[in-house]
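Model the full structure from these sequences, guided by the hints.
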Amino acid sequence: MALSGLLLVSYVGFHMLGNLQVFEGAHALNGYAAFLRDMPILLWTARIGLLSLAVLHIVLAIRLTLRNRRARPVAYAVREYRQASFASRTMAASGLVLLLFIIFHLLHLTAGVIDPSFADRLDAEGYRDVYGEIVHAFQNPFIAALYLAGQLGLGLHLSHAVTSSLQTLGLEHAAFNRFFKTAGPTVALVVVLGNVAIILAVFLRIVRG
Amino acid sequence: MRFTLNIWRQNGPDEKGRFVTYEAHDVSSGMSFLEMLDSVNQGLIAKGEEPVAFEQDCREGICGSCSLVINGIPHGPDRGITSCQLYMRRFSDGAVITIEPWRARAFPIIKDLVVDRRALDRIMQAGGYISVHTGGAVDGNVLLISKDQAETAMDAASCIGCGACVAACKNASAMLFVAAKVSHLALLPQGKPERTRRVKTMLEAMDREGFGSCGNQNECEAVCPKRISVRFIARFNREYLRAGIVESGLPAEPESPHAEST
Numbered sequence: 001m002a003l004s005g006l007l008l009v010s011y012v013g014f015h016m017l018g019n020l021q022v023f024e025g026a027h028a029l030n031g032y033a034a035f036l037r038d039m040p041i042l043l044w045t046a047r048i049g050l051l052s053l054a055v056l057h058i059v060l061a062i063r064l065t066l067r068n069r070r071a072r073p074v075a076y077a078v079r080e081y082r083q084a085s086f087a088s089r090t091m092a093a094s095g096l097v098l099l100l101f102i103i104f105h106l107l108h109l110t111a112g113v114i115d116p117s118f119a120d121r122l123d124a125e126g127y128r129d130v131y132g133e134i135v136h137a138f139q140n141p142f143i144a145a146l147y148l149a150g151q152l153g154l155g156l157h158l159s160h161a162v163t164s165s166l167q168t169l170g171l172e173h174a175a176f177n178r179f180f181k182t183a184g185p186t187v188a189l190v191v192v193l194g195n196v197a198i199i200l201a202v203f204l205r206i207v208r209g
Numbered sequence: 001m002r003f004t005l006n007i008w009r010q011n012g013p014d015e016k017g018r019f020v021t022y023e024a025h026d027v028s029s030g031m032s033f034l035e036m037l038d039s040v041n042q043g044l045i046a047k048g049e050e051p052v053a054f055e056q057d058c059r060e061g062i063c064g065s066c067s068l069v070i071n072g073i074p075h076g077p078d079r080g081i082t083s084c085q086l087y088m089r090r091f092s093d094g095a096v097i098t099i100e101p102w103r104a105r106a107f108p109i110i111k112d113l114v115v116d117r118r119a120l121d122r123i124m125q126a127g128g129y130i131s132v133h134t135g136g137a138v139d140g141n142v143l144l145i146s147k148d149q150a151e152t153a154m155d156a157a158s159c160i161g162c163g164a165c166v167a168a169c170k171n172a173s174a175m176l177f178v179a180a181k182v183s184h185l186a187l188l189p190q191g192k193p194e195r196t197r198r199v200k201t202m203l204e205a206m207d208r209e210g211f212g213s214c215g216n217q218n219e220c221e222a223v224c225p226k227r228i229s230v231r232f233i234a235r236f237n238r239e240y241l242r243a244g245i246v247e248s249g250l251p252a253e254p255e256s257p258h259a260e261s262t
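In order, the protein sequence lines correspond to chains A and B.
Under my numbering, the first sequence has 70 at position 70, and the numbering climbs by one with no breaks.
Under my numbering, the second sequence has 177 at position 177, and the numbering climbs by one with no breaks.
Honestly, I wouldn't trust all of these hints.
What the hints assert, rightly or not - Not everything, but these chain A residues come out facing chain B in the computed CB check (under 10 Å):
| id | residue |
| --- | --- |
| 1 | T45 |
| 2 | R47 |
| 3 | T65 |
| 4 | Y81 |
| 5 | S85 |
| 6 | G194 |
| 7 | A197 |
Simulated from the structure, these hints should not be mistaken for laboratory data.
What you are looking at is a predicted structure, and each value in this text was computed from that prediction instead of being measured.
Ideal Cβ positions, reconstructed from N, Cα and C, are used throughout, including at glycine.
Structure (structure tokens):
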């Protein structure tokens with residue numbers, strides 16, 4: 001769980017950084033998108049790799065959850081948590097939100113099934129117009145709200161996930177414990193802020209077509 | 001002081017349990033939680049009813065016998081103590097207090113609030129021991145152990161095996177218990193001979209007993225009467241990784257010197 005999760009997190013981080021090029025304008029983003037699609041072997045290796053990582057992560061999560069449910073057949077009548085964070089107690093829920101969001105996101109912007117109007121549109125330089133597609137999408141308040149909700153799920157999931165993974169890998173040291181403890185919330189905050197900035201910038205017409 | 005107690009009553013392991021409400025009158029604020037239960041039981045006995053069964057022994061927080069989930073928290077609202085060290089002045093007069101046993105598949109209820117914690121003993125049998133040769137005692141200061149090493153080992157060794165970590169864990173995992181035992185033995189030279197096998201056999205034993213897995217929520221650390229840190233769980237995970245690497249150099253089927261006792 002920890003290893004597959006950390007690999008997925010590193011992808012999410014790069015994904016966010018790549019997307020930030022929306023602030024550099026259509027040329028930069030569309031050129032970047034074309035650059036990624038120019039290497040079909042690498043692109044499909046990454047896609048298959050990510051898909052298998054996600055499947056592995058989900059299968060392990062379900063198996064562990066079922067086993068852990070069996071470990072306590074009779075629940076407590078009264079239960080008070082002392083220090084378990086809200087994020088750590090909602091990993092299954094935030095994970096499910098994330099899964100639904102990723103499916104929607106892939107159908108929406110990768111496959112172009114939900115909004116096919118931009119699937120094959122090219123910009124002035126003959127690249128696929130990713131920039132125009134994003135601007136078109138996030139100007140729609142429903143799409144923007146849906147993506148913001150997805151980011152909420154992502155932030156919640158990551159804020160427990162990263163710190164927990166480091167602990168599972170046995171990373172613990174008196175000098176670095178503060179760093180390990182804050183790694184999860186920090187990664188979550190950076191990724192979510194980056195992504196939310198894109199959504200809001202388009203929605204508030206700061207970035208436009 | 002007076003309290004309303006919701007206590008879990010269950011006649012036997014396979015019987016159906018339920019909450020029964022009792023009134024505790026004339027409770028002194030200086031009474032410990034177990035003394036308060038004693039006085040309730042005296043009342044029940046006087047009325048010819050079956051007293052509430054709960055486990056206790058030393059009543060000074062070192063034996064690990066008392067095992068009560070008080071208002072949803074193992075060992076009650078105070079940190080770093082066992083149920084027996086909790087005093088009634090901690091509660092407001094007239095409070096409603098819910099008392100439950102440890103709940104885990106690996107800890108079947110024997111009666112009322114008493115659970116069978118032998119699963120922890122079986123985990124210890126699987127690897128929580130060291131090899132000591134018989135014969136003359138070793139001279140003092142032959143094995144040099146640094147102060148830091150000794151202190152850290154002692155922090156882990158302070159585990160009294162009460163099982164509150166299991167009771168508090170969402171997944172009823174015994175990870176903090178196993179991690180404390182593995183860490184304490186791995187930190188000291190006497191524990192080195194079995195170091196590599198111990199971490200695997202104890203983890204396997206934990207899985208066999210039906211405990212869940214660790215989700216790093218750190219609830220165990222918060223209720224531990226000995227305040228054992230979850231840092232030992234990270235250390236355990238390191239030991240496990242190390243064992244996976246070192247093990248390849250060991251014979252596949254080690255002959256267990258303690259096979260007859262398991």
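Out of the numbered hints, which ones does the structure contradict? Violated hints: 1, 2, 6 and 7; rest satisfied.
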